[in-house]
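Residue numbering for the first sequence follows the working numbering, beginning at 2 and increasing consecutively.
One thing to keep in mind: the hints can contain errors.
As a list, the in silico PhoX-like pairs of lysine-lysine whose alpha-carbon atoms are at most 20 angstroms apart [to be verified]: (1) Lys396 x Lys101; (2) Lys91 x Lys396; (3) Lys101 x Lys491; (4) Lys491 x Lys111; (5) Lys794 x Lys160; (6) Lys363 x Lys396; (7) Lys111 x Lys30; (8) Lys111 x Lys101; (9) Lys1012 x Lys1002; (10) Lys396 x Lys160; (11) Lys240 x Lys256.
Across the chosen pairs, the derived CB separations fall in these ranges [claimed, not checked]: (12) Glu688 x Glu15: 30 to 36 angstroms; (13) Trp431 x Cys501: 51 to 57 angstroms; (14) Asp1005 x Asp767: 52 to 58 angstroms; (15) Gly108 x Tyr374: 33 to 39 angstroms; (16) Leu278 x Thr412: 49 to 55 angstroms; (17) Tyr374 x Thr412: 40 to 46 angstroms; (18) Asn246 x Glu275: 22 to 28 angstroms; (19) Asp767 x Ser8: 23 to 29 angstroms.
Please keep in mind that the hints were generated in silico from the structure rather than gathered at the bench. In this text the structure is predicted, and so the values were computed from the model without any measurement. For glycine and all other residues, C-beta sits at the position ideal for the given N, C-alpha and C.
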Amino acid sequence: MLPAKYSPKNVESEIFRFWKDNDVYRKVKEKGGRKFYFVDGPPYTTGRIHLGTAWNKVIKDTILRYKRMMGYTPTDTPGWDMHGLPIEVKVEQELGFRTKRDIESFGIDKFIEKCMNYALANKDAMTEQFKMLGVWMDWERPYMTIKAEYMNAAWFAIKRAYERGLLERKKRVVNWCYRCETALADAEVEYWDEEDPSIYVKFPVKGENNTYIVIWTTTPWTLPANMAVAIHPSLEYAKIRAVKNGEVEYLILAKELADSVLGKGDYDTWEVVETYLGEDLEGLEYEHPLADEVPIQKKWRHQVFFADFVTAENTGCVHIAPGHGVEDYELGAEKGLEVFNPVDDRGIYTEEAGKYAGKHVKEANDEIIDDLYRKDLLLVEGRVVHRYGHCWRCKTPIIYRATEQWFIKITELKDEMIREIDMVQWIPEWAGSARFKEWVSNAKDWCISRQRYWGIPLPIWICEECGKIRVVGSIEEVPWESDLDLHRPKIDAVIFDCECGGKMKRVPDVFDVWFDSGVASWGSIAYPLRKEKFEELWPADFITEGHDQTRGWFYSQLGTSVICFDKAPYKAVLMHGFTLDEQGRKMSKSLGNVVEPEEVVGQIGADGFRLYVLYSAPWEDLRFSWEEARNVNRMLNIVWNAVRFAYTYMNLDNYRFDGEMGELKIEDRWILSRLESFCKEANDAMEGYQIHRVVRAFFEFFVEDFSRWYIQLIRPRVWEERDSPSKIAAYYTMFRVIDRTMRIIAPFAPFISEWFYQHVIKRFRDGKESIFLESYPEPEIELINSELEEAMKVAKDVVEAASNARNKAKRKLRWPLRELVVESENEKVRKAVELLEEIIRYQCNVKNVRVVTSFEKEVVIKPNYKVIGPLLKDKAGKFADYVSNLKEIPEKIEFEGEEIDSREALVVDYKLPEGYEYADFPGGFVYIYKELDDELIREAYARELIRRIQEMRKELDLDVEEFIGTTVEMDPELVEGWEDYIKSETRSEKLIFGKAEGYVKVWDIEGKKVKIGIKRMS
RNA sequence: GGGCCCGUGGCUCAGCCUGGUUAGAGCGCGCGCCUGAUAAGCGCGAGGUCCGGGGUUCGAACCCCCGCGGGCCCA
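Based on the provided sequences and hints, a complete structural model is requested.
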């Protein structure tokens, strides 16, 4: 016997042990087959997996297992993204560090060691979590971004970029984190709402008294670096005469914005005295508002320029600081402005900032506002809530700073990248054609340098004497012994001799971590250090990641790959969604709505977890719901029960699956057809990576068709004689269904399918060591009989309708009825009912089934009181009289001068011949004859009796085959003629009407007291 | 301001690409039923302006356009 209840825990621990003890994973891998290059997007080694990463790996594992069963040997090297700021920040926190100086004095070597150990420990912890989900990857041999052979892949790429003229060192405004003291890529900036100062500042126009250009800013700290004002050439500007406390001043700003701006200040009156287009203002000079505080500003001329990016917002005049803004910088470059940046790495003003030197920019805001106020250059001061960028790891607000950085000129590669996007199969299609293309076409040059420690060192050496650059493209050009010794500070000690006789030193920067993972498609197979695999496999056949990777890994890989090979590194990309909580919110610690994968697995098992996450469309966000997760578990329980049913009887009969079909009955042919239809659906869906369709089809087939319908139909057949051809057919059919279905669903639910393979499938036929050494079933199309499938649908509908009619007639199913009539004008329906008449008769518990095109019933038209009541009030009664004379529904009703919609006001009922009840179904109507005669009642009583004896047998915990003696205290006439039936159904050797003996219970059958006694015979 | 996605009973979601009976499922709710797969299971019922508005079409949840609401990303 199989365990009565499905216990995921027991199933999983047994299978884990089985796989481990027998080294199954290795055997499956060694089976060999066609190549399939899968690249794992490396999760960052945070130490814990969350629902999203768990979902991600489950999708991957399902695809890999499917591919293996399809005869491929997919690469299944898991990856780990191990460098970067997040780990540095963690280690810094652990050590209580606040700045880079703390790290330097602690020792970079020791710091790096800490980071490495931290990353490695996290990797190990996460590996265990992934294993728990049943993910079969080569955990012993992962690829890691910290390995020399991997770092080599990044060096190779940067060298290629350099050779192609795509690597550039330039001063640019970058996102800067002053806590981490490093540049950040756009992808590393996270936006959320924050409150900042919002100030309107008056810039004095040169040579004119009391005349000002008005600008607006949320970053007062950038004003010391102001170099210009930008306006839009075709926007209308105005000079406003404004009066405050009797004093007059003139303000220049966009005309349409004047009232709203002036209204904020404390002016008494104002009026437009002059208007001009932006272009008339070009070249207008002004004095820097903080020229006294920042003396160096007196060196430069300040004037007004055009810029297209100016919009009619705020004042229409934009403060330009080329050292602190991307657009500012670009405008500055165009107009030849100085890139003035008086802020250092830590966000502290340098000496150049004059009076503000030594202050932190965020602290200087207030002082600058005060100074402006004191000088009467502050029109108004307020606060504003707006979206502002933050360092995505340490959450510090970023600032913009012009610094020297290393860039990849993505802008020159865009066309090629976009062309390559079209060569890739995207699932869903819009992930590539819309979302990713949009991102790439807006991409800017990629800043790849970081002023940090824990990362792949930039392999760029510069001569201190002549400035010559050497980009190293292979680790073989530098001394290295072990896997892990290419990090800082060791690599910093490598010095080359320059042709000029000078010394070449390495640029101290490390790579942006996105560059690390960007080279995964060859780094993971150690190219170019080793070449064979690359030549055989590249590019990847398939990758899958969440939609956040549009700007992440999909992008970084495409960029590096186009640089190195002019080609996309992947052929197919499945983009999946995000996991959210039930309300659709992000899961976060602060909201307290985080659900841990272990928690889910603990409740419903790994198979349950997997099927739950694979149940909905992968590209949609997944709102996690415990309710739904448990529901999947319930369905698995039905699967368990269905298999257990089959097993129980096949086992009892020592069944052997040898291809002998016996005599297949129509329901057998039906479920075998459905099996192949399901199999076809699964195969088709998997080819298009429509994973959820397989899971849905599986439950539909196995729970709905096999368990709820087929097994109900064949229950009597498993009690037939051992060599009965009909029973053999049932066994053959059930076995085939289970065998094939388990193999189809194995990639999705590996534990339960392996368990059934070991305990059920191999019990009745020879097999392989593991289900994963079997091949994935391909549909046998010739067994599909769509007409029969259609017909069975009709039969099911009829049975449902009959059940409905019984409900109305208050006739429970145990009570047999004389007749069931199906009324339909549809030829297909009639044929189906005739074909499956026996099934309908048995399922509906009726003696006779009849099909007619038209049943003798009378149409009765009644008023719909719900509608006409409120409408006609006291006239409703009169209306009812009027309606009672109608023979058919008229199009329109004119009643007492009112026009009434007949569809709303009338309801149709049918008057049936005496004794019938009806219900409708999609093909027509079903009628049952509900009257009982003595013969039916005797049968009904017999069944009532049987049912109770069965329950008593169970209460005594009797074996199914055990014989009993039964004594019943009731009028024997009630079941006359059914004695043998009762005896055989209940395995009673004797049935005596007399004093109840043995295990005795008193029952109430339809109001009659009946005492039943049973006892064991042996 | 831009791009993408989403909006279907109280809840979670299929269906939409490829238009075609009366729009489905599960959960929840109400009423029943069944029972040697059984601390399960099954049926029936109530509950839907398929976000709104226009268009294309003989026909739109589905295709197109314009809105509204939500999410993500970008500015």
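> Does lysine 101 pair with lysine 491 here, judged by a C-alpha cut-off of 20 angstroms?
Replying inline: Judged against 20 angstroms, a Cα distance of about 18 angstroms means the pair holds.
> Are glycine 108 and tyrosine 374 spaced within 33 to 39 angstroms by their CB atoms?
Replying inline: violated (48 angstroms)
>> Does lysine 101 sit within 20 angstroms of lysine 111, going by the straight-line distance between their CA atoms?
In response: With a Cα-Cα distance of about 14 angstroms, the restraint between lysine 111 and lysine 101 holds, given a limit of 20 angstroms.
> Is the hinted pair lysine 363 and lysine 396 satisfied, with a Cα-Cα distance of at most 20 angstroms?
Replying inline: Holds: lysine 363 and lysine 396 sit about 15 angstroms apart, inside 20 angstroms.
> Given the hint that lysine 396 pairs with lysine 101, does the C-alpha gap stay at or below 20 angstroms?
Replying inline: holds (17 angstroms)
> Taking the CB of asparagine 246 and the CB of glutamate 275, does the distance hold inside 22 to 28 angstroms?
Replying inline: Between asparagine 246 and glutamate 275, where Cβ atoms are some 23 angstroms apart, the hint holds.
> Does the hinted range 51 to 57 angstroms hold for tryptophan 431 and cysteine 501 at CB?
Replying inline: Holds, since tryptophan 431 and cysteine 501 (Cβ atoms, about 55 angstroms apart) stay within the stated range.
> Does lysine 111 lie within 20 angstroms of lysine 491 when you go C-alpha to C-alpha?
Replying inline: The given pair, whose Cα atoms are some 11 angstroms apart, holds under the 20 angstroms limit.
> Does the Cβ distance between tyrosine 374 and threonine 412 fall inside 40 to 46 angstroms?
Replying inline: holds (43 angstroms)
>> Holds or violated: lysine 396 and lysine 160, Cα atoms, limit 20 angstroms.
In response: violated (33 angstroms)
> Does 52 to 58 angstroms hold as the CB distance between aspartate 1005 and aspartate 767, or does it fail?
Replying inline: Because 53 angstroms falls inside the window, the suggested range holds.
>> Does lysine 1002 sit within 20 angstroms of lysine 1012, going by the straight-line distance between their CA atoms?
In response: holds (6 angstroms)
Checked against the numbered hints given earlier, the structure breaks hints 5, 7, 10, 15 and 16 and satisfies all the rest.
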